[in-house]
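Enquirer: Chains as they are written, first to last, in our numbering: chain A, 1 to 169; chain B, 1001 to 1147.
Because the hints were derived from the structure by calculation, they are not lab data. Bear in mind the structure is a predicted one, so any value in this text is a computation, not a measurement. Cβ coordinates follow ideal geometry from the N, Cα and C atoms, glycine included. Do not rely on the hints blindly, as some may be mistaken.
Unchecked claim - Straight-line distance between alpha carbons at most 25 Å, and here's what the computed SDA-like set of lysine to any residue pairs gives: (1) Lys109/A with Gln1096/B; (2) Lys109/A with Asp1087/B; (3) Lys109/A with Arg138/A; (4) Lys109/A with Pro1091/B.
Stated by the list, open to error - With the C-beta cut set under 10 Å, the calculated list includes, among others, these residues of chain B facing chain A: (5) Pro1016; (6) Val1051; (7) Met1061; (8) Asp1062; (9) Ser1065; (10) Thr1081; (11) Leu1084; (12) Asp1087; (13) Ala1130.
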Amino acid sequence: MILHMKPEPVQVVKGRRDAALRWLVDGIPYLRFLGIEFDRRGDELTAVLPFREDLIGNPALPALHGGATAAFLECASIIELSWATLWEEMESGRIDPTAADMPYPHLPKTIDFAVDYLRPGLPRDAYARARVNRSGRRYASVHVEAWQDNRARPFAQATGHFLMPEDEV
Amino acid sequence: MDDIARRARQFIEALPHARALGMRLEGFGEGRATLAMDYDARFVGDPRTGVIHGGAVSALMDTASGAAVMSHPAAPAATATIDLRIDYMRPATPGQAIRAKAECYHVTRTVAFIRVLATDDDETRPVAAATGAFTFDQGAAPKRGAQ
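In isolation and in its complexed conformation, chain A is listed as follows (with noise of 0.2 Å):
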């Protein structure tokens, strides 16, 4: 015998998910500060600062501030990380993302990031993808590349390690 159970539709489920994401990302200040957005396809994560005026480091030229661009590295890598978790617990079911009572992740810790600046920045919307290359139980490696126009020009890469928190969401 065959048991069905009826699929939750498709907008409940990614209902869910876009709140899961909105609610990781919405907790962070600093996020907020600079305008960063995600864009989510299934679990895939995509960063994106869009331009502002105040993120501009050098006028002459114009190019973005060289630490406005570390910065948005370095919160796309931290989102990735949590993200990975939460998908995790949340598509198992162990957690509700969405529940009034949810508390707050414990966020990974950078230890190290080592930013190479490729090309200037240019006054427009910026993209970065990261990539979780190792997650272990105390310790993960992370890759993460920003674009602008073109996704085969990166204009700014970089590679952190981050100290993973102790206890899971």
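Following the hints, position chain B against chain A.
Expert: Below, chain B without anything else, positioned relative to chain A:
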């Protein structure tokens, strides 16, 4: 502060992103620069602890490093970060200002090498440290003094 340092302060504090983060230039000259940034709830990276986001500390250290390059006697008119490698030693204490002291310890015709240390009120225990390389085009150097 001498005249050059005053002009540097005006220039650096007017950079849009430095202004957004409220950076203040406290020292400038001979390849060294000190920049401070007050605690601000908008810069928090971890809502559970109220600790400032590493990214804001990176931005402060990057700006201090660029300022240190500009303060070098042979400095070009402009510089850009080639790379910045940051170690985070401990969370900055919430409520306290962060200060980044950068030193441009070696320059070639094309590259400036810097190291920078970030501290809060407890200067004996650094919050973060970084080393970096910046562009340094001596061909574009402004003429200072006798050539």
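Enquirer: Does each hint fit the structure? Answer for all of them.
Expert: Hint check:
1. Lys109/A with Gln1096/B: holds (19 Å)
2. Lys109/A with Asp1087/B: holds (11 Å)
3. Lys109/A with Arg138/A: holds (10 Å)
4. Lys109/A with Pro1091/B: Between Lys109/A and Pro1091/B the Cα gap is close to 9 Å, so the pair holds against 25 Å.
5. Pro1016: Constraint on Pro1016/B satisfied, holds at 4 Å.
6. Val1051: Holds - the Cβ of Val1051/B comes within 10 Å of chain A, reaching about 9 Å at its closest.
7. Met1061: Check passed: Cβ of Met1061/B comes within 8 Å of chain A, closer than 10 Å.
8. Asp1062: holds (4 Å)
9. Ser1065: holds (9 Å)
10. Thr1081: holds (4 Å)
11. Leu1084: holds (5 Å)
12. Asp1087: holds (5 Å)
13. Ala1130: holds (9 Å)
Of the numbered hints given earlier, the model fails none.
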